[in-house]
Amino acid sequence: MIDEQQRRAWAYLAAVAEPPSAAIVALIADVGVQDAAAAVASRSVPPSHAAVLQATEARWETNTAAVDLDSADRIGGRLVTPDDDEWPGWQLLSLGNADTAVKGGEPTALWVRGPARLDEAVARSVGMVGSRAASAYGEHVTASISGDLVVDGWSVLSGGAYGIDGVAHRNALAGGGTTVAVLACGIDRDYPTGHARLLSEIARTGLVVSEYAPGTSAAKHRFLTRNRLVAALSRVVAVVEAGRRSGAANTAAWARKLGTPLGAVPGPVTSATSVGCHRMIADGLAELVTDARDIVRLAEPDGASAAGAAAGVPRRGGSGKRTDELDPQQLRVYEAIPAKGAVTIGEVAFSAGLDVRAVRSGLAALEARGFVTLGGSGWMLAPRP
319 MIDEQQRRAW
329 AYLAAVAEPP
339 SAAIVALIAD
349 VGVQDAAAAV
359 ASRSVPPSHA
369 AVLQATEARW
379 ETNTAAVDLD
389 SADRIGGRLV
399 TPDDDEWPGW
409 QLLSLGNADT
419 AVKGGEPTAL
429 WVRGPARLDE
439 AVARSVGMVG
449 SRAASAYGEH
459 VTASISGDLV
469 VDGWSVLSGG
479 AYGIDGVAHR
489 NALAGGGTTV
499 AVLACGIDRD
509 YPTGHARLLS
519 EIARTGLVVS
529 EYAPGTSAAK
539 HRFLTRNRLV
549 AALSRVVAVV
559 EAGRRSGAAN
569 TAAWARKLGT
579 PLGAVPGPVT
589 SATSVGCHRM
599 IADGLAELVT
609 DARDIVRLAE
619 PDGASAAGAA
629 AGVPRRGGSG
639 KRTDELDPQQ
649 LRVYEAIPAK
659 GAVTIGEVAF
669 SAGLDVRAVR
679 SGLAALEARG
689 FVTLGGSGWM
699 LAPRP
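Here the working numbering is used: the first residue of the sequence shown is 319, the next is one more, and so on.
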């Protein structure tokens, strides 16, 4: 449990640079949160962290930490930091290793509003995204899928917007399940305003989440930044309707970059709102899904894990090679991949108990030696010859 001074340091650093700020995250990792806050406020950061000065140039003299924490507390919110038990660390690991980390690294901290624990709410979560101008077909499919997911114990995560997002949230609530809204503004802002009641209901039983301090207004660039969190905090992302270029398509692109399994629901061939889904499926970027069962199979592929292999029988890779030729780290990565189906890098890291960088290295070696392959929905065992 962190003390009040540490929490204020986190709050200051979370707001002193426009999120996400890889420079701030790196400084905290090197010197600790309180020393990092003091260094930013005094403009005396270590030479190796000079990028912090540029990132904080506009805000370093304004410390709203106490006000922000009080504002959150008044509405039943709190600041969740990497030092807190409910921090969803393994889900967020992939953000620090994504190809576009400079545009979307790990959040410094997250503001949350609601009674649910953040780590538990996203442990079995499905990100449902789609068009704001949803069709009757899209709304029907979303309602059916989200309702079935919460019955099976999954939480539904989305962006709180009009259209598919709103339908997903409402039906998760109607089914008595947990739903999480990730916002592009402060947790004290109702955006869109027409969803004020919906966001209040989400916060009553689930969570409203943002990396932006209370009082922060929504802005176009913040929606694009927010989308990476939807992808990272979801076990699987399902796109119900999406235009050729849309926020849902952007979230889907983030899912691909982060290794999050991606599904897309097909729609009428005459529908402009399904063009993006059809393109993802045709290009092999997303798996075709039609119901909750299809989506769950992407998140939890069928088949026993390596841990269920018969004792004393050497497991073999898809090439038929014995795994006793692997080094210990490669073996841990290999045995974290189920006998059937595909998994993301984050899931392999969690199962193997290794950091994402080690998992990426292990997977590269295993792929080169013919043990595993990368498919449309994640990493899987290579087929036997």
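If you're looking for bench data, these hints aren't it; they were derived computationally from the structure.
Be aware that a few hints might be false.
[Unchecked claim] Cut-off 25 angstroms, straight-line C-alpha distance, at most; resulting in silico cross-link-like pairs (SDA-like, lysine to any residue): (1) 575 to 533; (2) 658 to 408; (3) 575 to 600; (4) 538 to 376; (5) 575 to 511.
Evaluation of the provided hints:
1. 575 to 533: Distance ~31 angstroms between residue 575 and residue 533 Cα, so the pair is violated.
2. 658 to 408: Given that 25 angstroms is the threshold and the Cα spacing comes to 23 angstroms, the pair holds.
3. 575 to 600: Satisfied, since the Cα-Cα distance of roughly 18 angstroms is no more than 25 angstroms.
4. 538 to 376: Between residue 538 and residue 376 the Cα gap is close to 20 angstroms, so the pair holds against 25 angstroms.
5. 575 to 511: Status violated; Cα separation ~32 angstroms.
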